[in-house]
Amino acid sequence: MVVKNLKLTLKRAISDVEVTRLYPEVLMDLPSAERGLHILDIRTCIGCGACARICPNNCVELVPYNRGNPLKNKKLKYPQIDYGRCMFCGLCVDECPPSCLTMGKAFEITGWERDQVIYGPDKIAVGKYTDQELAELAVEAKKAEEEKKKKAAAAKAKKAKEAKAKAAKEGDGDSGEKAAENKAE
Amino acid sequence: MTTAKEVLDALQSSFPGSIQESREESDRRLWATIKPNMIVDVCKFLTDKFDFDHYSGSAGMDKIDENLFEVTEIMASHGAHQVVALLKVKTPRDNPSVKSLTGLYWNANWYEREIWEMLGINFEGHPGLYPLLLPDDLIGSWPWRKDFKGYPDYNTGERGIEKPTPDGYTEYIFPPTDAEIKAGTVPVVRPKYPSFQELEEAEIKAESEMILHLGPQHPMILGPFLLDLLVDGERVKKAFMDMGYIHKGIEKIMENRTYLQGITYTDRMCYIASLSNNEAYCGAVERLMGIEAPPRAQYIRVILEELSRIQSHLIGVGEFLEFLGGATFSPFQWMIVDREDVLSCIESVTGARITHSFVRFGGVRNDLPDGFAEMTRPVLKNMVERCEEYKELLLSDSIYRKRMEGVGVLKPADARRLGVSGPPLRASDTSYDMRKEDPILVYPDLDFNVITRTAGDSEARVEVRLDEMIESCYIIEQCLDQIPTGPIQEKVPKKIKPDPGEAYCRVEDPRGEMGFYVVSDGTNKPARVKARGPVFAYFQALPPLLEGVYVADVVAIAGSMDACTSEVDR
Amino acid sequence: MVLSSTITTISEFAAQEPKLFGLIIGLVGAAIIASVINIGAMGAVWLERKFLADITNRYGPNRVGTRWGIFQLVADAIKLFTKEDSIPLGADKPVYVWAPIVASATTMLVAAALPFGALNIGGKEYPLVVANMDISAFYVEAGLSIMAIAAFMAGWSSNNKYSMLGAFRGVARMISYEVPMGICVISVAIMAHSLNLVDIVHAQSIWYVFAQPLGFVVFTVALITDLGRIPFDQTEAEEEIIAGYVTEYGGIRWGLLYFQEYITMILGAMLLVLLFLGGWNGVTLPFLAPISPMIWYIMKVLIVLIFMIWVRGSLVRFRIDQVTDLGWKWMLPLSMVNLAWAVAVGLYFA
Numbered sequence: 001m002v003v004k005n006l007k008l009t010l011k012r013a014i015s016d017v018e019v020t021r022l023y024p025e026v027l028m029d030l031p032s033a034e035r036g037l038h039i040l041d042i043r044t045c046i047g048c049g050a051c052a053r054i055c056p057n058n059c060v061e062l063v064p065y066n067r068g069n070p071l072k073n074k075k076l077k078y079p080q081i082d083y084g085r086c087m088f089c090g091l092c093v094d095e096c097p098p099s100c101l102t103m104g105k106a107f108e109i110t111g112w113e114r115d116q117v118i119y120g121p122d123k124i125a126v127g128k129y130t131d132q133e134l135a136e137l138a139v140e141a142k143k144a145e146e147e148k149k150k151k152a153a154a155a156k157a158k159k160a161k162e163a164k165a166k167a168a169k170e171g172d173g174d175s176g177e178k179a180a181e182n183k184a185e
Numbered sequence: 001m002t003t004a005k006e007v008l009d010a011l012q013s014s015f016p017g018s019i020q021e022s023r024e025e026s027d028r029r030l031w032a033t034i035k036p037n038m039i040v041d042v043c044k045f046l047t048d049k050f051d052f053d054h055y056s057g058s059a060g061m062d063k064i065d066e067n068l069f070e071v072t073e074i075m076a077s078h079g080a081h082q083v084v085a086l087l088k089v090k091t092p093r094d095n096p097s098v099k100s101l102t103g104l105y106w107n108a109n110w111y112e113r114e115i116w117e118m119l120g121i122n123f124e125g126h127p128g129l130y131p132l133l134l135p136d137d138l139i140g141s142w143p144w145r146k147d148f149k150g151y152p153d154y155n156t157g158e159r160g161i162e163k164p165t166p167d168g169y170t171e172y173i174f175p176p177t178d179a180e181i182k183a184g185t186v187p188v189v190r191p192k193y194p195s196f197q198e199l200e201e202a203e204i205k206a207e208s209e210m211i212l213h214l215g216p217q218h219p220m221i222l223g224p225f226l227l228d229l230l231v232d233g234e235r236v237k238k239a240f241m242d243m244g245y246i247h248k249g250i251e252k253i254m255e256n257r258t259y260l261q262g263i264t265y266t267d268r269m270c271y272i273a274s275l276s277n278n279e280a281y282c283g284a285v286e287r288l289m290g291i292e293a294p295p296r297a298q299y300i301r302v303i304l305e306e307l308s309r310i311q312s313h314l315i316g317v318g319e320f321l322e323f324l325g326g327a328t329f330s331p332f333q334w335m336i337v338d339r340e341d342v343l344s345c346i347e348s349v350t351g352a353r354i355t356h357s358f359v360r361f362g363g364v365r366n367d368l369p370d371g372f373a374e375m376t377r378p379v380l381k382n383m384v385e386r387c388e389e390y391k392e393l394l395l396s397d398s399i400y401r402k403r404m405e406g407v408g409v410l411k412p413a414d415a416r417r418l419g420v421s422g423p424p425l426r427a428s429d430t431s432y433d434m435r436k437e438d439p440i441l442v443y444p445d446l447d448f449n450v451i452t453r454t455a456g457d458s459e460a461r462v463e464v465r466l467d468e469m470i471e472s473c474y475i476i477e478q479c480l481d482q483i484p485t486g487p488i489q490e491k492v493p494k495k496i497k498p499d500p501g502e503a504y505c506r507v508e509d510p511r512g513e514m515g516f517y518v519v520s521d522g523t524n525k526p527a528r529v530k531a532r533g534p535v536f537a538y539f540q541a542l543p544p545l546l547e548g549v550y551v552a553d554v555v556a557i558a559g560s561m562d563a564c565t566s567e568v569d570r
Numbered sequence: 001m002v003l004s005s006t007i008t009t010i011s012e013f014a015a016q017e018p019k020l021f022g023l024i025i026g027l028v029g030a031a032i033i034a035s036v037i038n039i040g041a042m043g044a045v046w047l048e049r050k051f052l053a054d055i056t057n058r059y060g061p062n063r064v065g066t067r068w069g070i071f072q073l074v075a076d077a078i079k080l081f082t083k084e085d086s087i088p089l090g091a092d093k094p095v096y097v098w099a100p101i102v103a104s105a106t107t108m109l110v111a112a113a114l115p116f117g118a119l120n121i122g123g124k125e126y127p128l129v130v131a132n133m134d135i136s137a138f139y140v141e142a143g144l145s146i147m148a149i150a151a152f153m154a155g156w157s158s159n160n161k162y163s164m165l166g167a168f169r170g171v172a173r174m175i176s177y178e179v180p181m182g183i184c185v186i187s188v189a190i191m192a193h194s195l196n197l198v199d200i201v202h203a204q205s206i207w208y209v210f211a212q213p214l215g216f217v218v219f220t221v222a223l224i225t226d227l228g229r230i231p232f233d234q235t236e237a238e239e240e241i242i243a244g245y246v247t248e249y250g251g252i253r254w255g256l257l258y259f260q261e262y263i264t265m266i267l268g269a270m271l272l273v274l275l276f277l278g279g280w281n282g283v284t285l286p287f288l289a290p291i292s293p294m295i296w297y298i299m300k301v302l303i304v305l306i307f308m309i310w311v312r313g314s315l316v317r318f319r320i321d322q323v324t325d326l327g328w329k330w331m332l333p334l335s336m337v338n339l340a341w342a343v344a345v346g347l348y349f350a
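These protein sequence lines map, in sequence, to chains F, P and H. Numbering-wise, the first sequence is residues 1 to 185 according to this note's numbering. Numbering-wise, the second sequence is residues 1 to 570 according to this note's numbering. Numbering-wise, the third sequence is residues 1 to 350 according to this note's numbering.
Warning: the hint list may mix true and false statements.
[Unchecked claim] Some, not all, of what chain F presents toward chain P, calculated at C-beta under 8 angstroms:
#1 Lys4
#2 Asn5
#3 Pro31
#4 Ala33
#5 Arg35
#6 Pro56
#7 Met87
#8 Cys89
#9 Asp94
#10 Asp131
Keep in mind that the hints were calculated from the coordinates and are not lab data. Even glycine gets a Cβ: it sits at the ideal position worked out from N, Cα and C.
Construct the entire structure; sequences and hints are all you get.
Next up, the structure:
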């Protein structure tokens, strides 16, 4: 009648072990393909905004970040993800051209207010530049900028000299006003 | 076997001049535009001569450029042949009106109610055009029309004036513009429908009868829907159902998102079996684009969809056992424990346990990880053992059999007429499985049976699900043996812009026949996406089944149908 | 030594002032019994949660109060005491308030007549019972059925359709199963030649589970039905009528009704042990001679409790019309057969 039910229940009671995971002492063993909180490799990010365009919920916003690479364009912006809206679909990861945005295994995120779950580049980035590296890169950037300025000044001077030579060649036949005008320009 | 060409030739010879356009997409798909006043005769002809007795659904579309509405009726057959005929009817936008098919097909009722409340198309001859998914105060604004202003207006961002209603909610009213006042076309007060309370209390005839609400909030039901029973003591005399408590407007949202973003929305239609929804949508868009996934991707899709079927059936049968025996009924808890193993297998590939968004156009997102076969085979073996154990347990439990035998019997003819599909239909002695009727991917290469039972009662439905789980395990084993190496994604352009056209793809969801109808107009967003879910037909079929049973049986019947309300309301 | 001298003092006092002695014994006994059965109910709930978890591969309470979760019920009781006391708007207020009190009163009445074991001091057995009545078997069995009145009061006064359905089901169930249960008790009394529970225990030289097997089966099924346990818990079936007759109760009122269910479970288990399983009879254990009957008694009651919890975790519930069917078409005739059997056997051995 119902004997089989009772027998099976007793067998399970005696032989089986508990399967409850004692969270938070014991955490789950997540696979490598797990779609958790994002990880941004800040050194490879080019600030293209493909992740922001593809997000179905408009969670990704590009914001300026003061610890970015000084060698690159100062206007470079990095993604900021609003986890209050994110549904962990992974489309941003698929679209990223340099493959610098990936999803990791972390999944615990809480906050008292809504702005506490908006994670900017400082929270989701890895491989951030240390202060020493930033200083070195800043020095390099300054050097590069001075080089650029020097080059620009040299090129400008060269151009001015060429123009003067040309004006002098033509100014022999022409009136002196034109030469004066050119010089003033 | 009848082919689409035969059907089209027969139609053209019998109804000359009524077929305005026609297209044969393949041996199994027929698209035709019929003149509005001939649609009922054409359907009757198809039913009588070619056995098109399965009315699958209907979709309404707003073609604002051509100033037309278009209603597409989807007709198929329960096993006589494999042709799906999609018949379109066009009607002008000013005074839209289409003939109703409720005279021929009983289950056309709710589909037409939905098209009416969303688009404003009047169906002549429909027994009762009441709102189904929308609340009363949205009737008249016709949300699916392309010029629906919305709250707030999608183009200008303007919000209407907030006005509190007597019930304590807030309504938004768009004030009439000066032009409207001058032209005299100020919007009128919307019509009022009799509320459910009035409808039900009109049915009370005796002192001992009362209305019992297994209503929107109840420990029994998965997902909110209204189920009111007119009971006399413990016997149910009549049942009333209403939907729309979880209507999210997914189909309208998908018109404003690109094709790739739309995949994430199809997940959320039925979140328990989201891979089948993904597959149906991607299958339809792949047909529009004219591409096909490489073989390895097809095998991966089949493996994951069968795993998803196993875990969905575990939830379905487990929840149903919970309804019978309380939350501490042990087989329910054991099924949840078994489900964890299956979910871990799925998670190792897709990265998520629910709402996977895994299938892409022309392939899949990730490849199988190393060691997937070694992880999955023991799980499958364990699953087969456990399913045999559950079957034996339920068969030998006489209290369970007393509760379930002969309860909620669906006779085969009724099941077909009511439009159900999936395990309830197969439990009523009809072999109708999308994997054999409309095979996609690698299903033609696999060897499996379609499980049927003859009894048609709740017990048969549960047995069909348990057997299907075992069958799925065999399918996955075959796939793991046969899977080739190779690429997992076909080359698709970065911006997906299919040529203008339309496609309809059907898959076997764990709950039944799931179909996606996608229309493209050449831009990067679809013009119309319609999801035809299986549970819509179950709920439509439930009130007639519930007459004359005990209150305790209502739970047994509704639970054995394995509903997922989110799919009904979309 | 100290023990025997205390007992002689008390017996002298009892001889001098019998009425006062009876009153004091009654009051002290009532206080002890009330606390013991309430703590026993807490223990029963804890046992149920732990055993059900064991069946279903879980842990059960394992955080509050060491690894075994023994203070979980205390935490739950504190939570219930601190909840808001709300009475539904259209409810019948006096009946609504008195229903849990009637339920508690029932259990106290029943517990007053039920022996809680025995102590074996100096070769003489002292049964631990507050009111040693001559008809205690019948009284206990009848008292257990007053719970249905409390359930009906609760269900009817709540002004709620689900509670009303639950109340109706409870009354239907009680009416169908009282008669078979009463007849089984009478069959046991016929064999033991007395309705006093203490005498029934003394008369069980062989346990009545072997002498009247049919009676044992019928009585067990009827007892599980009377207590409202799965597979017979239609009065509070969560999936059909939300919570049955306790739908509108919250806070400590619900706590009282919930606990009464478990107290009646313990008392019913004790009744079963006393009638059919030999009460506290058993081989005297060598080192624990004074409390040896107590240990046997508690062990048997625990086994019956675990059996009831085991049944709860394994079976689905019946439909209400199947319950009444079972009661009138199967239990009643079988109990009549058992009565005939008891009379025949009794006459044979007399």
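Do the hints match the structure? See the list:
1. Lys4: 5 angstroms, holds
2. Asn5: 5 angstroms, holds
3. Pro31: Pro31/F check passes; min Cβ-Cβ to chain P is 4 angstroms, inside 8 angstroms.
4. Ala33: 4 angstroms, holds
5. Arg35: Result: holds, 4 angstroms to nearest chain P Cβ.
6. Pro56: At 4 angstroms from the nearest chain P Cβ, Pro56/F passes the 8 angstroms test, so the hint holds.
7. Met87: With Cβ-Cβ at 7 angstroms, under 8 angstroms, it holds.
8. Cys89: 4 angstroms, holds
9. Asp94: 7 angstroms, holds
10. Asp131: This interface hint is violated because 35 angstroms lies over the 8 angstroms limit.
In this structure, the one hint that does not hold is number 10.
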